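So the protein sequences, as listed, match chains P and D.
The working numbering puts the first residue of the first sequence at 1, with every later residue one more than the last.
The working numbering puts the first residue of the second sequence at 343, with every later residue one more than the last.
Bear in mind the hints are in silico, worked out from the structure with no lab data behind them.
Please read these numbers as outputs of a predicted model, since none were measured by experiment.
Where is the CB? At the ideal position from N, CA and C, for every residue including glycine.
Where hints are given, some of them may not hold.
[What the hints assert, rightly or not] One side of the interface only, derived from the structure: several residues of chain P facing chain D at Cβ under 8 Å:
1. 190
2. 259
3. 328
4. 338
[Claimed, not checked] Calculated Cβ distances over 10 Å to all of chain D for the following chain P residues:
5. 24
6. 58
7. 75
8. 81
9. 88
10. 93
11. 120
12. 150
13. 153
14. 189
15. 229
16. 269
17. 323
18. 333
19. 334
20. 336
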Amino acid sequence: MNPATPPSPPLKKAAALTKKDFVSDQQVRWCPGCGDYAILNSMQHVFAELGVPKEDVVVISGIGCAARFPYYIDSYGFHTIHGRAPALATGVKVANPKLSVWVVGGDGDMLSIGGNHLLHALRRNVDIKILCFDNRIYGLTKGQTSPTSEYGKRTGTTPLGSVDRPVNPISIALAAEATFVARTADVFNTHLREVMLAAAAHKGSAFIQILQNCVIFNDGAFKDVTERGHREENAVYLEHQKPLVYGKDDEKVIRMDGFKPVAAAAGDADALVHDETDSALAYMLSRMGGDGLPTPMGIFRRQEHPTLESAMERQIRAARESEGEPDLMALLHSGDTWEVKQ
Amino acid sequence: MQITGTQFTNTAALFGNDLATFPDYPAEIRAPAGTLPGVSGFQVQFSSADIYTPGDEPDVLVAMNPAALKVNLHTLPKNAIVIADADAFDRRNLQKAGYPKDVNPLEDGSLDGYRLFAVPLTSRTETALSPFEALSVREKRRCKNFYALGMAYWLFSRSFDNTAGWLEKKFKKRPEIAQANITAMKAGYAFCDASEEFQVQYDVAPAPTEPGQYRSIQGNQALAYGLVAASHQAGVPLFYGSYPITPASSVLETLARLKRFGVKTFQAEDEIAAVTSAIGAAFAGAIAATGSSGPGIALKGEALGLALMVELPLVVVNVQRAGPSTGMPTKTEQSDLMQAMYGRNGEAPVPILAPQSPSDCFAIGFEAVRIATKYMVPVFILSDGFIANGAEPWRLPESLEDLSEVSVSYREGNGTLEPYSRDEETLARPWVKPGTPGLEHRIGGLEKQNLTGNVSYDPANHRLMTELREKKVQRVASEIPDLEVHGAPEGDLLLVAWGSTYGACRQAVSAAVANGLKVGHVHLRHLNPFPANLPEVMARFKRVACVEINSGQLATLLRAKYLVDVHVLGKVEGQPFAVREVLTHIQELAS
């Protein structure tokens, strides 16, 4: 396997920061063994490597286990209300485009109660980075079915099995026109950091699904794709303009049989080559995994579009150019006015 | 009809009349023409004296079809002028308006008590426009409203120059449409001039008002200008997050056109995103506002609790409409006072302001920003559909110095920060923008430990913080000017009112006092906290009554807070109070 991602544009270096600069004085209160610890550790490294001053980093969350994240990062943070973090973060970024804005939430927060805000933050291409910690369960409320839980899953609220079909977060993000869509996992230390740095370098909204293990209520949900001994066969790493290679000895590739991906031996002349700018390919890959084919990890799509906040600033500049600088008294006295004399 | 009404209003305003308007239209965009629910009306009162309402009983009704006549006839006093488009009173329209078969009110004598002018407006307009060969019959017929406007201009001796200029500007790209409408208007004017039917012509002299520059302004527009003015004076850009909803949308539309002032408008995906994006903007240091009407405010409730928990400044505009649920979107009501006061989980107090007239929306919008940023608190503005769409003359500020001061400061500088330390006078916590080096901190909706802002479940701390949040709101009272009583300074009856009932109360009390009754009126622009002298003023009268477009919400608050026996003069019909209605109540209670 080769978990490297395509080279990102070089980042501007600020005063050298280290992971320690982003460790807050708050005691971390996740369950022992929770996948969130690994993500927190990786993210503290990532923030130090962003090349932006510490005070420009803002972490915004909704409600849930993952949403405690801002308390543990020593920068500006906002623990908001259930599902609304992408909308609130949009306001932060639009009001001050200079900030590096990160949104953290779980599958329930982002895909259930906050599903609408996720769609619209992505389609607007506001330059915020949305990290969806997906553990396929409600953790903080003690183990109920979530929008990514498997069909038939037995939980406290679904004693006879869930009758709701799960959603595919990557397909949703692609359909919402997200310009950066990626998947990684809590235990993929290096891969996670590389995906995050690529997301940070991307100008526009980024959606990253992080497969995350809930050790209490859904232990082992992703072990097929994350644990050594399984992942070699069950995960494939996406690299721009490179074939999709996987297997213990990199002995397999994917090729297309009509519109269907199938496994083939390495060296196949028709091996599928990844292209981050191809939306149709990205969607096909978002549906791949299971049924004997590996689950793709890495960047599904990366495209350039103007960001929401830059478009807003541009309109303000254009208005000033065509209508002149703001003159409050002229505004109030506009339209038909008349004078009443003594 | 709304355009025609607005043109008449502007012309009257330019002439110097005092005026007040009441657009009353259906929620449907193209409601079936000719039906009773499809009637779109525009009521205007203009005068040579001070007036405060669009009037109770129109002296002139222009009815473009039988439905318009049927819906409005009951409001007319006897001997009122009725101008009706005789062409529109055909069998089909009469049937649509629900008149029995073979009954035509223009012909059956049922309008004998009125001065009826049944004029074939449609065909006369068509005839007048016969030289306009390029226009279709349909396009010609559309000009009939301006024919009627021309008649109204003749009747009240008004020049049509201003409207002609407006048409030329409006239809710059289609000058033939502008000219057709102007021709129709002149034809209507000329018809009255030549016709012997019209024996009367009125002269309404300019109203004696305070000297200065004036313009006519609608409530929502004034509110938008107030927010922009406060942002401009504070030197901090405005962010307005909103979701389209009647009757609040025009605040968003007005602000969207003011980008040169650095205004960022955000049409959110829903009401919740509208308010949370504004909270995010406030966190980032912007002057932030959101606006909606009752159903949207209900959706914003949880986020408003967040805003006051994290103690960030936010202006929340509720342009009220008749509820509950979807209710009557285009009809006015003041029934969201309790929602503003208590409509959140937990003990969640916020200051509440209410403009009393369209032009007052400017001052209230400005004041809301001032209070929100000074006290670090979300502030409610309760406007309503009547104020939002109504227009009145506004005496313009002469210079920026006429505006009050809004000063915004952010905590800066290295060192330690206690995010929940407080200003001694206002109890406001410091406003610290992300991007400020050395002051990194976290906020959120969980209960805060006093001073540190850390999450706290400590019982004594929760009590302390609950009290602090309430005290902070009450501190605003120290800046509210004392109430001044209009009418009798003491006596038998005090009317306590708020919002759009201002005009009806003021005129009714003036009339009652002129008739020798000992009646006073105070109008609350601050509903939380109340002005400090309110209990003392109430104590000067034998009886107190609240006039409000609801079933007694302010009355309930006054009873609970001051243990006074308050009478309720309520109305829940989706319509504003008429002066006569208030006067009738006064006579019952004060004698």
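If we take the beta carbon of residue 75 (chain P), is the closest beta carbon in chain D still more than 10 Å away?
violated, 5 Å
Should the hint that residue 190 (chain P) touches chain D count as held when the rule is a Cβ pair under 8 Å?
Because about 27 Å separates residue 190 (chain P) from the closest Cβ in chain D, which is outside the 8 Å limit, the hint is violated.
Does the claim that residue 229 (chain P) lies outside the interface with chain D hold up, using a Cβ gap greater than 10 Å?
Fine: 40 Å to the nearest Cβ keeps residue 229 (chain P) off the interface.
Residue 334 (chain P): least C-beta distance to chain D exceeds 10 Å?
Incorrect as stated: the minimum Cβ-Cβ distance to chain D is 8 Å, not above 10 Å.
If I take the minimum Cβ distance from residue 120 (chain P) to any residue of chain D, is it greater than 10 Å?
The claim breaks: residue 120 (chain P) does not keep its Cβ more than 10 Å from every Cβ of chain D (closest is about 4 Å).
Non-interface claim for residue 333 (chain P): all C-beta distances to chain D beyond 10 Å?
For residue 333 (chain P), whose nearest Cβ neighbour in chain D is about 6 Å away, the distance does not exceed 10 Å, so it is violated.
Separation of residue 336 (chain P) from chain D, once the least beta-carbon distance is taken, above 10 Å:
violated, 6 Å
No chain D beta carbon within 10 Å of residue 58 (chain P)'s:
Residue 58 (chain P) is in fact no farther than 10 Å from some Cβ atom of chain D, at 5 Å.
Using Cβ atoms and 10 Å as the threshold, tell me whether residue 153 (chain P) really stays out of contact range of chain D.
holds, 29 Å
Residue 269 (chain P) and chain D, when compared Cβ to Cβ, separated by more than 10 Å:
holds, 47 Å
Distance rule for residue 88 (chain P), whose beta carbon must clear each one in chain D by more than 10 Å
Answer for residue 88 (chain P): violated, closest chain D Cβ roughly 4 Å.
Hey, does residue 24 (chain P) actually stay past 10 Å from chain D on C-beta?
violated, 7 Å
Consistency with the previously given hints fails for numbers 1, 2, 5, 6, 7, 8, 9, 10, 11, 17, 18, 19, 20, ordered from lowest to highest.
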